[in-house]
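Here is how the chains run, residue by residue.
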Amino acid sequence: MIRERRQSKGTWRAQLRDRVRSWARRRQGEDSLPVTLATRRVYILPTRAGFAFAALLLLMLLAGLNYANSIALIVTFLLAGFALIAMHLTHRNLVGLALRGVATTDAFVGEHGRLLLTLDNTADTPRIGIECETDETERSPVDVPATGSARAELGISLARRGRLRLDRIRISTSFPFGLFRAWSYAHLPMELLAWPAPRGRRDPPAESTSGGQATAVHRAGDEQWSSLRAFRSGDSPRQVAWAAYARGRGLLVKVYESPAAHHRTFDFDRVPGEVEQRLEQMSAWIVDAHARGESYGLRIGGEALPPSSGSEHRERCLDALALYGDPEPRP
Amino acid sequence: MIAAARPHVAATLVFAASVLLVLFEAPLWCTAVALGCAAWRIAVSVGWLNPPRAGSWRRLVFVTLTVACVLAVLANFRTLNGLSAGTALLVLMGALKLLESRSRRDDGIVIGVALFMLLAAVLGDQSLLRVPLYLLTVWGACAAIAIIAHPGDALPTRAALRLSARALAMAAPLAAACFLLFPRVSGQFWALQRGQQATTGLSDVMAPGAIGELASEYDPAFRVRFEGSPPPRETLYFRGVVLNSFDGFTWRRARSHTWNPPPLEMLGAPVRYRVTLEPSYRPWLFALDTVARSPRRNVFLAHDRQLTAMDDIDTVTSYDAESYLRTRSTGKLSVAGHRYETRIEGEGNPRTRALALSLRAQSGSDAEYAQRVLQWFQEQRLEYTLDPGPTSVDSVDSTLFDSKRGFCAHFASAYATLMRMADVPAHVVTGYLGGEWNPAGGYLIVRQSDAHAWTEVWLDGHGWTRIDPTSVVEPERLQRGLYDLMPQSMGATAQVLRSAWISRIAHVWDSANQWWQERVVEFNARAQLSFLRNLGIDSPGWQHLGWGFAIALLTWIGWVSLTLRRSVARQRPDRIARAWLAATRKLARVAPARAADEGPIAFARRIGAARPDLAPAVSDVAERYVRLRFGPSSSAPEVLELERAVRRLAA
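Sequences listed follow chains A and B, in order. No gaps in the numbering here: position 267 of the first sequence is 266 in numbering that gives the first Met the number 0, and each next residue is one more. No gaps in the numbering here: position 220 of the second sequence is 219 in numbering that gives the first Met the number 0, and each next residue is one more.
In isolation and in its complexed conformation, chain B is listed as follows (with noise of 0.2 Å):
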């Protein structure tokens, strides 16, 4: 490669570097497009293509360009605001620079931009696996910029590589140093707008088969450390979205069916965990059954203990949670929240309709008639099914008489409108039920195929009361995960990972995963509060992280100049100097040491007034090391004949 060209080519491998980082953040087309852009900068620098002629029509094809870029990232987002719009311009916007960068003040400005992306990237994504090409291209960048600084063979490649990669391993204290004790604000200043993403997880509408289509998914949707022990398995209930309307076929969350619920009583050891979520796209925070509070700021709790966020879950986010395994609710359903919990629209599935009436009118009450209707599910061995095949617009009456197959959604539609029709407040929960304990990061997983629905139903001096149907039809649901009980289900990936071995590998990892969103993607003003406690300060406050910062900056300063020093302090004076300093040695037996300002000449001659004897000896080590020092240039046989000469000198 021609040396010259070393620097188009650094800068534009960063760029290209960087735009994979963003490859998920910008469009296809955009990152094609200063892939491309890259390739042909390479291809011009190295010499395969001609460099564009000059002219004023290059200035024109450039900004027309320009506006077209700009133009394009519009009409593909309707924004310049926000992540992704934003990082596709500012894609677009390198490419642009690397078809017109000549200078080395161009190439900075690429490695600039490319910063830029990773800053983007790193804004989108922090998962530790991205962490290493994070790392990666910030060292890249720094060897670029080192190359960039001396064009040319001054600097190798290598060496600049190595350069960078010393002077980021002598900074890493400082970054850590930093990252625990640079005080950090509480709060955001001005709010991120990321893109529209393809919503994963539970949605606030369910058709019968809508809770099977996730049993494939193997994504986690949550993770659960317990503070303590944690509950056994069949209560693991995290309740997500309450459906409260049903038209016969799909139940829906009704936003207008709010009411004022009575008093809830807590009962027990309260259970407290923190969740950490994935992005679902959605608003929905999942809790065990029953929530204490809102766990956090903006987000709300409903009437009927639905937490809903203020924005849809994008990142990944953690809170912390108190929930209550068993509750009481002794109080009266107002006419209003009766009214709601027990309408249907339309007059459909008319064979459940005449079942309801029957077993109600055989029941004294409604915990009988609950209770009546489970037995009825079990009697009729209902299959436990993920493919119960289509149902008809009477989905309830096709379910229960018809195939009498069926998946948690379908059970739990089923009962939730048998109690409806005998007039019964019952609705639909959907959540996820159990999970996947990660022994290597003493966790709970809690993946999308987890995914369950069952009902609550309101019995007078209880309250809300979770019956789940599905546990009547599979009693194994409630130990043990989807897969267990069908296999078939899983898809490809589920299969490899669940495997002996590899399980156990995929739990490390995921508890590596966890661990780094707990402690280092999550740290916070909060935690850092909480790790200055750790430390032995009673009650730290601003002025401690401020003292510890200035402490470690000191400290490291100190390091690195005693480090950096040593190379240089460290000077071996050559043979010439050495046999100088001995000649001198020997002489300051005879007369006052050699003043620092004194010349070589001076001092012998100085020697020989007072040792009329040594002068010929000494005013020829002196000329030969004058000779030797400030002539043109030192012979190996006269630096020895300079030391020969002093050995001799008798002092």
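If we strip away everything but chain A, and leave its shape as in the complex, we get (with noise of 0.2 Å):
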């Protein structure tokens, strides 16, 4: 909806709010975790009811003067400083603000997909109705407590398989009077991914069994994990091993494998029909196999997923299905 509206303005609007949005990012250029919104990074505008205030203070204005009307004056400069006030309050509401963490959660086509921002606020005074929009999604406010934190909750609409790259995050506010509005911008660089939507009638291929035993260990907290691999967005902070960290090998993350017992191989030069319905199929059935507990591997486009089980599995065999053939990243 939001897309559409933005559409349906003048195009002399939407070249403006580009051109500003690339000259902000030539000035501030690429930022790096945590994003203090510093003041030379926050601009202010009157809102299109702080142009609406104006108009009718300076009719105030002129009757005031015109008719020499002392009260009239009192209340109008009275309102001109409150507005100021209004501006000065925008502004502090957003400065000093701190974007700590931006994470990611992919999703099938035609879902949302997610993405989590932390905000933290050092002083000593809430901030209230802060809005985190990027280029495609709506605005969501949140409240950040006095020196505590707050996450926002940005649902991104995935219309097409792939990669979604986005590179800025406009926080911005109005509050408390809404005549003006305070926006910085933090120029981080994100990315989604979409899944094939799970789609398709056809039964999955036969299971064959190998040895092993069918326990499946999926277990947080527990130290027998086999494996690191690196920090991928959406990925529970209670997996990260924090000792890899500490010792500056970076973000890991700590793997648990089980060997399965029963298993099927979703092999994509098997099934028949067009590339995205093919794909679409093989995400039915890895969504089906992993609903049902089962261990399942995959075989596309010359890579080869052994047979797994979990959530960890699931995502990185629907990963592969949405890099497929490396479609073109948006925006």
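Check before you lean on any hint, since a few could be wrong.
To be verified - Derived contacts from chain B toward chain A, CB cut-off under 7 Å, selection only:
id, residue
1, VAL69
2, LEU70
3, ALA71
4, LEU73
5, LEU118
6, ILE144
7, MET169
8, ALA170
9, VAL520
10, GLU622
Claimed, not checked - Chain B regions said to be covered by chain A (calculated; three or more residues, Cβ under 8 Å):
id, segment
11, 177 to 183
12, 392 to 406
13, 553 to 561
Unchecked claim - Some chain B residues well away from chain A (every beta-carbon gap over 12 Å; in silico):
id, residue
14, GLY107
15, ALA335
16, LEU484
17, ALA576
The set of hints was computed from the structure by calculation and includes no laboratory data. What you are looking at is a predicted structure, and each value in this text was computed from that prediction instead of being measured. No residue lacks a Cβ here, since even glycine has one placed at the ideal position from N, Cα and C.
Grab the two chains, each in its own frame, and use the hints to assemble them into the complex.
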């Protein structure tokens, strides 16, 4: 809905917005977490209501001057001062806020991926009505308590399979009076995968059996992990190997592997039909197999994922489907 | 209340409040319609009534109502121009907006209309009494703006009220500075058309009972602040309308009777004073007998020294006047002047005419005749009363010979008639005599009940001479007000207000109002310059105002940014950050301080390389800190552990 509205607005507005954004990008450069919204990167302008209020004040001023009406002038000056205070309050509501964490969650095409933002407030006053948005999402307001933090969750509707790249978060507020909007950009590279939607009615390929015990070890906090892999957005923080991080190896995630007794292998080459349909069918199989707790493997485009189970495996399989044929990243 | 309804309710309440502010500007039916719409809007928002179903007919009804409202205002006022018609239109359009308002933007428009009505109310009435109402409305409007900007539970009503009160309080110094220093313009670019109002006070027609009708009105007509000590009470004749045409019953002011007066000599020291006139919706200005010149622009000083403004006095109006208590005119009255000032239409009042002729025959000169008539008034033991009963068509005859009772208007009319019948030029002057001294404010309050009528007689060698026949009938009137002489004439309000301790409070309140009027309401370009002069600027001009304004604005902005910044900058690092800071401070003795972009882990590694013995402890602290700071959650025991680890750190 929001995208439609944006398109329907005059093109000069869109152009102006784009120019402002690219100017801000050039000016600020790439950011790295945590991003503190310092004064020099917080912009502020009156809202539409603010301009209307200014027009009203101008009329009141003219009337007051023309009729030499002292009370009209006092009221006008009082409201003008009020508007300036409103500007200060709005600006102050944003300045100093820090964007500590950004995490993305992948999702199927047609669903909403998620962008989780963690906002830190070191000031001793709460920050109310902080609205975060990206080019792909609507605003969602959150309140950040005094000397605390809050999470903003943005839903990103995924329309096409593949990578969705975002490089900018706009954090804004019009609190408390809605007469001004202060905003700031955080330029951070973010990536979401849109998995093929699980669709298709074909039967999955037959099971094959291999040796081993059917015990799925997937316990968080258990130190019996089998390997480490790089942190991906969406990973549970409980899986992060903090000890490894502390040793300066970067953010790593513990992977628990379990041998599976029965398994199927979903082979892309063996699914008939068009590419997207085949991917969707495989996606449906993975979802079903995961729901049943089965073990399954994946073979696609020269990549082979050995049979396994668990959320971790499911995501890896779905990621492989999403990235098949290296669809062009957006935008 | 449902949270979603709050923006609508807030905007509607502000609207209703401002409708009440213009209660006296807009016709009653407009107010009723607006309040009805507001009540309906609130009922729908809260859910007591079902909202109207959407549909094309709703649009139609809305357009029809709009047209009907415009036509109704047109029918009521015959114009859409002017303050009253404009206000009525504003009230109705705001009410219609309530009927169709759904979105946040609509609520914003309703608040805008409410602020416009506040402007209309302010243009209509600037009295001190209403200032709290204006301020409350402004406060409510600001709070409603906050509520609209953040619908739902994001901003509770109380928080909105608190926030806007704080913002307005911080804006107040700027408003005061702007009020004093913002350059004003003098003169109007376009005039305000006010609606017809009932006139009060003296008129330019005086039937015998006219002045008596004002006796029960306790409302102030004007206030006078004298420069220096006030003149003696018996000289406080405030001249108003000069009535120069008599038809045997009624005195009128004939505009055609103009003639060139002989030059006037002003004797003695002038009395300077400032008059603050209450709106009378009539064009006359009042000044002490005799005013030296026209006190302000657009006020005409007639040949008979009557002051007439171009327009009716429809707002509180002030002017500085200068009068001389003694004047002389040694010239001769022109032929036309003599003719006009001795003319009586018709042949009425035969007994008075006979008296005039006989008394004139007994007197050697006009001056002697004037004295004789006064004496005759005294001898007749005429009674000074508010209720002399009805008079016949020959009003003077019935006053002097039948009832022998009268009020000032009767005596002034009779005396001037006696003069004119003997071919002595004379006319009746209406105005005010005396007044009530307000010790709290040091000024004179002249009320409608102080209205008075007297005569002026042309005596060769002296010119126009004030003769007050009432002073012969009731000499006390010169020294005391009507209510002191005739307490029974007081209305109920006046009786309460004149009781001892209430009158003291009333005086204080009146002087507060007068201060407000003089210092705030009438603060104009000239007052601005004299304010600068008091600050010590010798020849103040626009540039001083501009500089002063700029300095005040910058000072205020500095103050505001300091005040508001402090509450953000006063950041207390939390326990985790404090513990880590303590650790880095301890370790600063071991190795160069941590660079800003050096991560905690890299820092720990550097320390470890420099002091291998510390390595495990430091890396433990760094690891805990990283886990707490960037990890998913931080529990209190973990924070305690970190603090303990930092304490154990022995650098």
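Results for each hint:
no.: 1; hint: VAL69; result: 21 Å, violated
no.: 2; hint: LEU70; result: 26 Å, violated
no.: 3; hint: ALA71; result: 25 Å, violated
no.: 4; hint: LEU73; result: 23 Å, violated
no.: 5; hint: LEU118; result: 5 Å, holds
no.: 6; hint: ILE144; result: 5 Å, holds
no.: 7; hint: MET169; result: 5 Å, holds
no.: 8; hint: ALA170; result: 3 Å, holds
no.: 9; hint: VAL520; result: 5 Å, holds
no.: 10; hint: GLU622; result: 4 Å, holds
no.: 11; hint: 177 to 183; result: holds (count 4)
no.: 12; hint: 392 to 406; result: violated (count 0)
no.: 13; hint: 553 to 561; result: holds (count 4)
no.: 14; hint: GLY107; result: 5 Å, violated
no.: 15; hint: ALA335; result: 41 Å, holds
no.: 16; hint: LEU484; result: 39 Å, holds
no.: 17; hint: ALA576; result: 8 Å, violated
When each numbered hint is compared with the structure, violations occur for hints 1, 2, 3, 4, 12, 14, 17.
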